[in-house]
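Going line by line, the protein sequences match chains U and H. Sequential numbering of the first sequence, starting at 1, is according to the numbering used here. Sequential numbering of the second sequence, starting at 1, is according to the numbering used here.
If you're looking for bench data, these hints aren't it; they were derived computationally from the structure. Glycine is no exception: its CB is placed at the ideal position from the N, C-alpha and C atoms. Incorrect hints may appear among the rest.
[Unchecked claim] Okay, derived cross-link-like pairs now, PhoX-like style, lysine-lysine, Cα gap no bigger than 25 Å in a straight line:
1) H/Lys325 / U/Lys120
2) H/Lys231 / H/Lys358
3) U/Lys58 / U/Lys220
4) H/Lys7 / H/Lys231
5) U/Lys32 / U/Lys14
6) H/Lys68 / U/Lys121
7) U/Lys121 / H/Lys325
8) H/Lys68 / U/Lys123
9) H/Lys68 / H/Lys7
10) H/Lys123 / H/Lys165
11) U/Lys58 / H/Lys110
12) H/Lys412 / H/Lys7
13) H/Lys412 / U/Lys123
14) H/Lys319 / U/Lys123
15) U/Lys120 / H/Lys381
16) H/Lys358 / H/Lys45
17) U/Lys86 / H/Lys319
18) U/Lys208 / U/Lys226
19) U/Lys192 / U/Lys32
20) U/Lys226 / U/Lys121
21) U/Lys86 / U/Lys123
22) H/Lys412 / U/Lys14
23) H/Lys68 / H/Lys110
24) U/Lys86 / H/Lys152
25) H/Lys123 / H/Lys7
26) U/Lys208 / U/Lys63
27) H/Lys45 / H/Lys258
28) U/Lys58 / H/Lys45
29) U/Lys120 / H/Lys123
30) U/Lys63 / H/Lys319
31) U/Lys121 / H/Lys7
[What the hints assert, rightly or not] DEER-style ranges, computed between Cβ atoms:
32) U/Gly227 / H/Met1: 42 to 52 Å
33) U/Glu119 / H/Lys13: 50 to 60 Å
34) H/Thr234 / U/Glu118: 53 to 63 Å
35) U/Lys193 / H/Cys392: 48 to 58 Å
36) H/Lys13 / U/Thr73: 49 to 59 Å
37) U/Glu118 / H/Ile286: 44 to 54 Å
38) U/Gln135 / H/Pro388: 17 to 27 Å
39) U/Val20 / H/Ala14: 32 to 42 Å
40) U/Leu141 / H/Met1: 14 to 24 Å
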Amino acid sequence: MPLIQLQNVSKIYKRRDVEVRSLEGVSLDVEKGEFVVIYGVSGSGKTTLLNLIGGLDKPTSGKVIVDSLDLTTQDEHQLSLYRREKVGFIFQGFNLIPTLTAFENVLFPLIPIPMPEEEKKRKVREILSLILPIQRLWEQLPLELSGGEQQRVAIARALINNPQILLADEPTSDLDTKTSQQIIDLLWEANKKGCTVIIATHDPRILKRASLGVEMEDGKIKEIRKGAVS
Amino acid sequence: MFPYAWKEITRRKARSTLTIVSILLSIALLVAVLSIIEFFREAMKLPFTTAGTNIAVETFIEPGPFKKIRQARHLGALPDSLIPQISQIPGVQDVVGVLLFWDYHPEDEKNPMYNCAGIDPAKPNIGPLSLAPAPGQIYVVLEGRSFSLDDKYAAIIDKRFAQAKNLKIGDRIEIGHENFEIIGLADMQGLPRVAQAEIFIPLATAKELVHFDQPNFPPDAVNMLLVKVEKPRTAEELKPQIKKIVTQATGLKPEQVKVLTAEAILPDTTGVSQLTQTMMKVLSIIIVFGVAILVMRTAVATIGERTREIGIMKALGWKNSDISKLMVLEMAIQTTLGGIIGITGGYAVAYIYASTIKLTLPPSLLPYSCIPAAAPPQSLKVSMQFHPWIFCIALVVSIVVGITAGYLAARKAASLQPAQAIRAL
Chain U
1 MPLIQLQNVS KIYKRRDVEV RSLEGVSLDV EKGEFVVIYG VSGSGKTTLL NLIGGLDKPT
61 SGKVIVDSLD LTTQDEHQLS LYRREKVGFI FQGFNLIPTL TAFENVLFPL IPIPMPEEEK
121 KRKVREILSL ILPIQRLWEQ LPLELSGGEQ QRVAIARALI NNPQILLADE PTSDLDTKTS
181 QQIIDLLWEA NKKGCTVIIA THDPRILKRA SLGVEMEDGK IKEIRKGAVS
Chain H
1 MFPYAWKEIT RRKARSTLTI VSILLSIALL VAVLSIIEFF REAMKLPFTT AGTNIAVETF
61 IEPGPFKKIR QARHLGALPD SLIPQISQIP GVQDVVGVLL FWDYHPEDEK NPMYNCAGID
121 PAKPNIGPLS LAPAPGQIYV VLEGRSFSLD DKYAAIIDKR FAQAKNLKIG DRIEIGHENF
181 EIIGLADMQG LPRVAQAEIF IPLATAKELV HFDQPNFPPD AVNMLLVKVE KPRTAEELKP
241 QIKKIVTQAT GLKPEQVKVL TAEAILPDTT GVSQLTQTMM KVLSIIIVFG VAILVMRTAV
301 ATIGERTREI GIMKALGWKN SDISKLMVLE MAIQTTLGGI IGITGGYAVA YIYASTIKLT
361 LPPSLLPYSC IPAAAPPQSL KVSMQFHPWI FCIALVVSIV VGITAGYLAA RKAASLQPAQ
421 AIRAL
């Protein structure tokens, strides 16, 4: 059974009394451990699709089933637990908390979790050692870090809970070529360790790594390709 | 969660400062008003406490003819029969009579009028010479001995009077037409008290002396009753019953009968009427209420600015209850901080105000002659003691405002849809 199943999913937003069809009749199966790349022009519904898989939003119609859990029937509390335990998010534009240091940003998802403080810090140190090895950067505020360093912190934050699914929205959009490559490598490594990675992007370098490519157009899936997209 | 909450508070300096300062000022006002009123109340209680009583009863009549002995000022007779009557009122613990009179000594050119009081030796704990009206508190230090029930022509005199007149224990002093042996010297510790006098003699002897010179004054009467109640806070409630009994027994008009308590003398002494006190309290509560609304509005408005952050929290698995905890914690920290500083500030304001104000006991409670040898202590000691209940009320109000504001903010945060919140970037 696929890890993620989208069954005839539609999402309609209302903006100033005007209905916007963000997704229309989308069906998709994603197996565990896949490296999925969703691509398409802006406004094609990539982010909405990630939000639905991440339980940040609910479809207007259709079903989103993740690991046998029907997200469309879950209440906000259950969805919070789902996001906490199974999903890691990497947002467009990093979205780090500007007043917290890199270390504190990575610690942030663990704050409400009942766990000894020392254990939380140990986990943060462990993941930061792998993703942002230069320790002096850990105590820097996001604004004092480069774009690549900020994205590394965002990735560490997304991975701190050992999620089954890593969702990344345009993870390389604000980065130079070299840094983008490093970020792609990090996501690739996470995938190799068993994490199902779903990335919404325009970056052709990521497309080359895809085990499943999903092309979106006007809220619909235009094409699904197995293997790298050229 | 606390370190993060603290960072958020320090990050939003302007809003946090506004919240803290608003709470600080309103709580300071509340604490200052409540403390000043309490300081005054405590000060008013002192003349009663030092005499081991809660209520003083006296009547006002035309003064008697000028003789060697006459009753002090305009104090009228209160028959002894009132004592058992008042004692029977539920809540009254004890009643004692005092007979205050002036003794004329023309040979003493400097202070010809001696202020005397007949006190009941059977009730040593109520009256101007009560040695231990309250446990652990000493208001009179007595050299020599106190009255025994057999004493008739024995006197205890104010130590300052003794110094002024060069008298000591064992000396004799003429009061009325009798000679009294000085058996004790009372050091009043400079504290004001009701029924204060320079010379104290047994009540029965005093009645004989006064009746001898003032035949119109009944032999079985006193001119001040001191009432001790079981629960001091009920003193005000008992006043009407006492006044009714006294009015009926004496046949005087109600306005000639005075039933005095600490509460009753407060307006005359401080100029702060009961109405003003209530208005001050109500005003400070309204201000605290207004500030509470301001803080709540500020807290809810902050959520609008933190939409993105809340979206991130939700995306990272924070439950609505976790976000609520954070919001409540942030607001509670700010209001508690403001509250504690406000309490300190309010108490400091009250302390400074109280230390500059001078309160004196109303003359009706000090029926002294014009030129006493030992002027009675009139200045009321404004006790600036810390009242834990004011601290508790102020702190609880601060915390409740914070929790409510945090809760309202959290409710708004909970209503945000995570995807929309993040889209609001």
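Q) Looking back at the hints listed earlier, which ones does the structure fail to meet? A) Result: hints 2, 4, 5, 6, 8, 9, 10, 11, 13, 15, 20, 24, 25, 26, 28, 29, 33, 36 and 38 break, sorted rising.
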